Amino acid sequence: MRDISFSEATLEAMSEEMERDSRVFVMGEDIARQGGIFGQFRGLPQKFGFDRVIDTPISETAIVGAGVGAALAGVRPVVDMHFADFITVAMDEVVNQMAKIQYMFGGQCSMPLVLRAPDGIIRSAAAQHSQSLEAWFMHIPGLKVVVPSNPADAKGLLKAAIRCNDPVLYFEHKALFATKGPVPDGDVVVPIGQAKIVCPGSDVTIVSYSLMMNKVLQAVEKLADLGIMAEAIDLRTISPIDKAAIFTSVAKTKRLIIVHEAIKVGGVGAEIAAMVAEEMLDYLDAPIVRLGAPFVPVPFSPALEKLVKIETVDIVKAVQQICR
Amino acid sequence: MSYDTELLLRLYRQMAKIRIFEEKAQELFLAGELPGFVHLYVGEEAIAVGICENLCQNDFITSTHRGHGHCIAKGADAYRMMAELYGKRDGYCKGKGGSMHIADFSIGMLGANGVVGGGYNLAVGAALAGKILQQDHIAVCFFGDGASNRGTFHEAMNMAAAWNLPVLFVCENNQYASTTPYRMTTAVQDIAVRAQGYGMPARIVDGNDVLEVYDTARDLVEWIRAGNGPMLLECKTYRVKGHYVGDPELYRPKAEVDHQFASNDPLKRFAQAVISREWLTERQLTNIMAETAELIDQAVSMARKADYPAACELFTDLYAEREVQDHA
Ligand SMILES: Cc1ncc(C[n+]2csc(CCOP(=O)(O)OP(=O)(O)O)c2C)c(N)n1
Chain E
1 MRDISFSEAT LEAMSEEMER DSRVFVMGED IARQGGIFGQ FRGLPQKFGF
51 DRVIDTPISE TAIVGAGVGA ALAGVRPVVD MHFADFITVA MDEVVNQMAK
101 IQYMFGGQCS MPLVLRAPDG IIRSAAAQHS QSLEAWFMHI PGLKVVVPSN
151 PADAKGLLKA AIRCNDPVLY FEHKALFATK GPVPDGDVVV PIGQAKIVCP
201 GSDVTIVSYS LMMNKVLQAV EKLADLGIMA EAIDLRTISP IDKAAIFTSV
251 AKTKRLIIVH EAIKVGGVGA EIAAMVAEEM LDYLDAPIVR LGAPFVPVPF
301 SPALEKLVKI ETVDIVKAVQ QICR
Chain X
1001 MSYDTELLLR LYRQMAKIRI FEEKAQELFL AGELPGFVHL YVGEEAIAVG
1051 ICENLCQNDF ITSTHRGHGH CIAKGADAYR MMAELYGKRD GYCKGKGGSM
1101 HIADFSIGML GANGVVGGGY NLAVGAALAG KILQQDHIAV CFFGDGASNR
1151 GTFHEAMNMA AAWNLPVLFV CENNQYASTT PYRMTTAVQD IAVRAQGYGM
1201 PARIVDGNDV LEVYDTARDL VEWIRAGNGP MLLECKTYRV KGHYVGDPEL
1251 YRPKAEVDHQ FASNDPLKRF AQAVISREWL TERQLTNIMA ETAELIDQAV
1301 SMARKADYPA ACELFTDLYA EREVQDHA
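Chains as they are written, first to last, in our numbering: chain E, 1 to 324; chain X, 1001 to 1328.
Source of the hints: derived by calculation from the structure; they are not laboratory data.
Since the structure is predicted, the reported quantities are computational estimates derived from the model, not experimental observations.
A virtual CB, placed ideally from N, CA and C, is assigned to each residue, including glycine.
Incorrect hints may appear among the rest.
Here are the simulated SDA-like pairs of lysine to any residue, each with C-alpha atoms no more than 20 Å apart in a straight line [claimed, not checked]: (1) X:K1094 x E:P302; (2) X:K1094 x E:P297; (3) X:K1094 x E:V308; (4) E:K309 x X:F1315; (5) E:K309 x X:E1313; (6) E:K306 x X:A1311.
What follows is a list of derived Cβ distance ranges for each label pair [unchecked claim]: (7) E:L281 x X:S1301: 57 to 67 Å; (8) X:P1248 x E:D185: 29 to 39 Å; (9) X:L1030 x E:R42: 16 to 26 Å; (10) E:D21 x X:S1301: 53 to 63 Å; (11) X:S1301 x E:R20: 52 to 62 Å; (12) X:A1310 x E:M1: 44 to 54 Å; (13) X:A1311 x E:L284: 26 to 36 Å.
With the hints as constraints, model all of the structure from the sequences given.
This is the structure we're talking about:
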């Protein structure tokens, strides 16, 4: 076990997987010569050559489309989107091609493609560079969507994504790249579709993922001081979602809060709340609470930007309200 | 060829305004005063100014993530731009847009765009609107060499040509797209050749020579206004600053940058040309610099003191607040 950054953890995953399987390659803008905007590809071309670590033109539709074609032809592409916002530029390739091909062609082929997408709010990057769009992809059958919150999961989930024979969207929060944490030695893979109970508790279930998970853990400590024992669940994957982990916890705590940075309307929290309302209503002792961003694009001005972010105090307050 | 003195003074004043605005923005960003990302237009002033001096207020432009220069050249106010960079309420976008998204609809500046290649089709649409409204404005679309590899470039060029729309596509070929040199992502030497594929005429100019840009743009704009359809103008230039302020620029030798700026700075080149031909005096140019520096300083000190937007403004502007106007 060593403490390394989230960015280094993803780099280790890439490196180990490229070592293990010569069919794995990676392409994207400014990744090879520059090492990626967050240093997440640094040193890879020196190890694996510029034929397997490829700088592309600014041509997102061609990059993702070529990734799909390459996967069909037997290799295992990892495609970097620079910023998650730019997936929107290649929406046809993601939604109509990548997600559907396996099913539409009756399972004649698989689609082992990983789309890496740095998302989330960082200091005033404004509306076109700050989005968390994961819920869109949760809505598309055929895609898998992972959302690591710490270096260990970042590494383990990326390894799993690369080994997976289905298309995986890998959302990595821009504010997480520099954060450090313990990462186990060796070939540790975190299975896709498995949530993790990060800390057990009996009074309320808090479900979260990605950067917000850190705020949830801070909130859990504060709540413990107030005598509220919260159970925190890190989803790690939002498609397929680990329904069992959520249901088991809710059956125990009888209260549920879901926290994410993305817009609350139509978000991951909405889906979880609906699932629990459909099948677990009788267990609940309090209304389900969702914390997410208000229904506006992310504003530039620091004065406004802070109003769309969820902070630890918001979580503590919300929990206190339903645990009264 | 000789030039009207007023025009020469205006060209220099506009270039100076961009240069000083950008240097100030750099200084403020590095001092930690400005949030977000800032992409500078230093060294490319001749393009925006040479072109926009040929436009009328009701002509439209679309811009890029490197948009400050285009805004100023089209006539935007330095204070409102600076206020936007600070995220203040007086800014052009009330602080909601920031450096990458400045727009001034009152002068036909349809916005800078954080999505590379996002502006082409907006320009095509703005030109199309002229047909529908029976107005004779034209639309100018600024974009980078890197952006010309986006699919939107090809779709926009084709549609504009097929429909004979009044669009001037202006490629600012500054040799770099973020950290990647032009030759590594683009097989052709000149973006201009791509126009052929859409049956569109194209020209190439020295983008660091404001007089050459101005003269060529005047001809092209006239041609487009006469109803001859779209054109592509490729301006060869060089990105002397990093991709964004704070870019460590590990991807190119500093000597290359220094050499380019020393030998090819559009302001210096203009000054040398007009002074040696005795069209303007050194004194006139120094005065312009001093006046402009004062103007920008004022803009900064006002922007610094301006208010941030209030919390309730988070929700304004998401939808039109007034009913749709009836034009009948
Ligand atoms: C669709 C999209 N892809 C990638 C980016 C990230 N990005 C921002 S600017 C830039 C380089 C643009 O290069 P160019 O068009 O040549 O303009 P320049 O910066 O040289 O003026 C890149 C890759 C983006 N903003 N939008």
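Here is what the structure says about each hint:
Distance check on the hinted pair: K1094 (chain X) and P302 (chain E) sit about 12 Å apart at the alpha-carbon level, within 20 Å; holds. Our distance criterion of 20 Å between C-alpha atoms is met by K1094 (chain X) and P297 (chain E), whose separation comes to about 14 Å. With a CA separation close to 17 Å, the supplied pair K1094 (chain X) and V308 (chain E) stays within the 20 Å bound. Taking the CA atoms of K309 (chain E) and F1315 (chain X), the gap is about 14 Å. The hint holds against a cut of 20 Å.
Under the criterion of a C-alpha separation no larger than 20 Å, the hint pairing K309 (chain E) with E1313 (chain X) is consistent with the structure, at around 16 Å. At most 20 Å may separate the alpha-carbon atoms for a hinted pair to count; K306 (chain E) and A1311 (chain X) meet this at roughly 10 Å. Taken as a hint, the range 57 to 67 Å holds for the pair L281 (chain E) and S1301 (chain X), whose Cβ atoms sit roughly 60 Å apart. The hinted window of 29 to 39 Å between P1248 (chain X) and D185 (chain E) holds, with their beta carbons roughly 32 Å apart.
Under the hint 16 to 26 Å, the C-beta atoms of L1030 (chain X) and R42 (chain E), about 24 Å apart, fit the expected range. The hint said 53 to 63 Å for the Cβ distance between D21 (chain E) and S1301 (chain X), and at roughly 59 Å that hint holds. For S1301 (chain X) and R20 (chain E), the hinted distance range of 52 to 62 Å is satisfied, since their beta carbons lie about 59 Å from each other. As the Cβ distance of A1310 (chain X) to M1 (chain E) is approximately 48 Å, the hint placing it in 44 to 54 Å holds.
Restraint check, A1311 (chain X) to L284 (chain E): a C-beta distance of roughly 33 Å satisfies the suggested window 26 to 36 Å.
In terms of the numbered hints stated before, the structure departs from none.
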